[in-house]
Structure formats: C-alpha cells, structure tokens
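**Q** Next come the chains, spelled out residue by residue.
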Amino acid sequence: EAGVAQSPRYKIIEKRQSVAFWCNPISGHATLYWYQQILGQGPKLLIQFQNNGVVDDSQLPKDRFSAERLKGVDSTLKIQPAKLEDSAVYLCASSLRRETEAFFGQGTRLTVV
Amino acid sequence: QQQVKQSPQSLIVQKGGISIINCAYENTAFDYFPWYQQFPGKGPALLIAIRPDVSEKKEGRFTISFNKSAKQFSLHIMDSQPGDSATYFCAASGRSNDYKLSFGAGTTVTVRA
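Quick mapping for you: the protein sequence lines, in order, are chains A and B. Numbered by my numbering, the letters in the first sequence go through residues 5 to 117 in order. Numbered by my numbering, the letters in the second sequence go through residues 70 to 182 in order.
No wet-lab data here; the hints were simulated from the structure. Among these hints, one or two may not hold up.
[Stated by the list, open to error] Think about it this way: if two alpha-carbon atoms lie no more than 25 Å apart in a straight line, the pair counts; the simulated DSS-like pairs of lysine-lysine are:
1) A:K48 to A:K19
2) A:K15 to B:K111
3) B:K169 to B:K111
4) A:K48 to B:K140
5) A:K19 to A:K87
6) B:K127 to B:K140
7) B:K127 to B:K74
8) A:K82 to A:K48
9) B:K126 to B:K137
10) A:K66 to A:K82
11) A:K75 to B:K137
12) B:K169 to B:K74
13) B:K84 to A:K48
14) B:K126 to B:K140
15) A:K48 to A:K66
16) B:K169 to B:K140
17) B:K140 to B:K74
18) A:K66 to B:K169
19) B:K126 to A:K82
20) B:K140 to B:K84
21) A:K82 to B:K111
22) B:K84 to B:K137
23) A:K15 to B:K140
24) A:K75 to A:K19
25) B:K137 to B:K169
26) A:K15 to A:K66
27) A:K82 to B:K169
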C-alpha cells in the first residue's frame, strides 16, 4: 500500500514570496490533515478535511495560509506571503476515518530567508 | 494552550537500558493516547497506542503505562537499541475534539552502543 506522498521535499524562499505544497493521501482515506512542525516542537494541526470539506481550520493563519482538497483526494497548502516564522516542516497525514490511525507523509521542509 | 505536556526533552541511554518518557494531559474527555516515533527526515509513524480502559499495553519492547486518575501516561522502551534512536511524541485525542491529535513537544532519545 502506497503511503502519503508529499512534494516538494525541500523549499527555500525569501520572505514575502509565495509557496505551495502538495499532498496525495492514501487511496480511500477520507480524512486529510496538514500539520506544521517547528523545529523542536510537536506537530500542530493547521487544517483538517473530511472528503473535500473543511472540518477544522481554527489554527490556520487565514490571512496568509490557504488550503484546498479538490475532489476529496489531493490537497494543496499555500502560503502567501511567507514570513520568517513560517520556517518549519509541513506534514500531511491521512486516515480512513477521523477516529482511525493517521498516517503521515515525509513532510516538506520550508526555509524562509 | 498546550493540552499534552511531555518530558524529558531529551535522554541518553546505554544499549540494553530502559528509556522512559512521560506525558500528562488536561482534557479528561481524551480517550485515545498514541505514541509516534519520528526519524530525521521522516514523518511520524504510529508506534503504539492505548485507550483508558486498560492501564498497560505492551508490544514487543515498547510498553505504555496509563494512569487515568493522574491524567498521565508513559512510554517505556525496554532493552533499548541504537535503532531506537529517534524522537518520540505522545499525543491524545477523543470524540470531544473530533479526534484531532494534540501532540506533546517530543523527546529525543539517543541510544549509545
């Protein structure tokens, strides 16, 4: 069974630039999550999708972050404009249902300079 | 608001020794307590999980001890091996928060040969 795929693996941008991350969840998984993991901290949930609908985006800085999940499968997370404090690993995870185990991708390491 | 507090931040153990990581939670409605293992450059992977109807769960060399009244749970790694060197995160979730995982800050375990 293929795991959660994310791209790119690494990204370096200047502050005020924009960036987008892509996630392909495990086939059949209805729930998709985006987490932000700052160095030395645990993952923090940014947004949760159930199929193509948003369940929770309370921790998403909506003035600069946006996310969508088209057709309930792939998802993209965008940051525009980026700030230095956005430097982190962005993890995508998926689960069959909300109450089942979440599987994580390898993440995208973003460095904002 | 950190819902799960984890300690220590890091620990070093000799090969064959026991590693112990502790977590405390605040939300009494949490009913699922997983531990994730994360290697550098990889996403977190589920290691072992427990629900509050049992006080202990063992899988191979990994054991979770759960104290509902104290709102604490811990991970014990027996006979620690160099391959166990990783960062470990405790987490908690439940129906009350729509099964969203709240992670601890992580513990970096180094096993010396």
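**Q** Please go over all the hints and tell whether each is borne out by the structure.
**A** Each hint tested on the structure:
Our distance criterion of 25 Å between C-alpha atoms is met by A:K48 and A:K19, whose separation comes to about 22 Å. Simply put, A:K15 and B:K111 have alpha-carbon atoms about 16 Å apart, close enough for the 25 Å limit, and the pair holds. With a C-alpha separation of about 21 Å, the suggested pair B:K169 and B:K111 falls inside the 25 Å cut-off, and the hint holds. Restraint check: the Cα-Cα separation between A:K48 and B:K140 comes to about 21 Å, which is no more than 25 Å; the hinted pair holds.
Note on A:K19 and A:K87: the hinted pairing holds, with a Cα-Cα distance of about 5 Å set against a maximum of 25 Å. Straight-line distance between C-alpha atoms of B:K127 and B:K140 comes to about 19 Å, which keeps the hinted pair within the 25 Å bound. Restraint check: the Cα-Cα separation between B:K127 and B:K74 comes to about 22 Å, which is no more than 25 Å; the hinted pair holds. A distance of roughly 16 Å separates the Cα atoms of A:K82 and A:K48; the hinted pair therefore holds under the 25 Å criterion.
A threshold of 25 Å between alpha carbons decides the hint, and for B:K126 with B:K137 the separation of about 14 Å falls inside it, so the pair holds. Restraint check for A:K66 and A:K82: satisfied, since their Cα atoms lie roughly 10 Å apart, inside the 25 Å limit. At roughly 41 Å between alpha-carbon atoms, A:K75 and B:K137 are farther apart than 25 Å, so this suggested pair is violated. For the hint linking B:K169 to B:K74, the alpha-carbon distance of about 16 Å falls within 25 Å, and the restraint holds.
Proposed proximity of B:K84 and A:K48 is contradicted: the alpha carbons are some 32 Å apart, above 25 Å. Note on B:K126 and B:K140: the hinted pairing holds, with a Cα-Cα distance of about 16 Å set against a maximum of 25 Å. Only pairs whose Cα atoms come within 25 Å are accepted, and A:K48 paired with A:K66 is accepted, the gap being roughly 15 Å. Of the supplied pair hints, the one linking B:K169 and B:K140 holds, its CA atoms being roughly 18 Å apart against a limit of 25 Å.
Of the pairs offered as hints, the one joining B:K140 and B:K74 holds, with about 11 Å between alpha carbons and a cut-off of 25 Å not exceeded. Among the hinted pairs, A:K66 with B:K169 is consistent with the structure: their alpha-carbon atoms are about 19 Å apart, no more than 25 Å. The suggested pairing of B:K126 with A:K82 is violated, with an alpha-carbon distance near 40 Å, which exceeds 25 Å. Of the pairs offered as hints, the one joining B:K140 and B:K84 is violated, with about 30 Å between alpha carbons and a cut-off of 25 Å exceeded.
For the proposed pair A:K82 and B:K111, the alpha carbon gap of about 21 Å is at most 25 Å, so the pair holds. Note on B:K84 and B:K137: the hinted pairing is violated, with a Cα-Cα distance of about 31 Å set against a maximum of 25 Å. Our distance criterion of 25 Å between C-alpha atoms is broken by A:K15 and B:K140, whose separation comes to about 40 Å. At most 25 Å may separate the alpha-carbon atoms for a hinted pair to count; A:K75 and A:K19 exceed this at roughly 31 Å.
For a cut-off of 25 Å, the pair hint linking B:K137 to B:K169 stands: about 20 Å separates their Cα positions. Distance restraint check for A:K15 and A:K66: the Cα-Cα separation of roughly 21 Å lies within the 25 Å cut-off, and the hinted pair is therefore satisfied. At roughly 22 Å between alpha-carbon atoms, A:K82 and B:K169 fall within 25 Å of each other, so this suggested pair holds.
The structure does not agree with the numbered hints 11, 13, 19, 20, 22, 23 and 24 stated previously, though it agrees with the rest.
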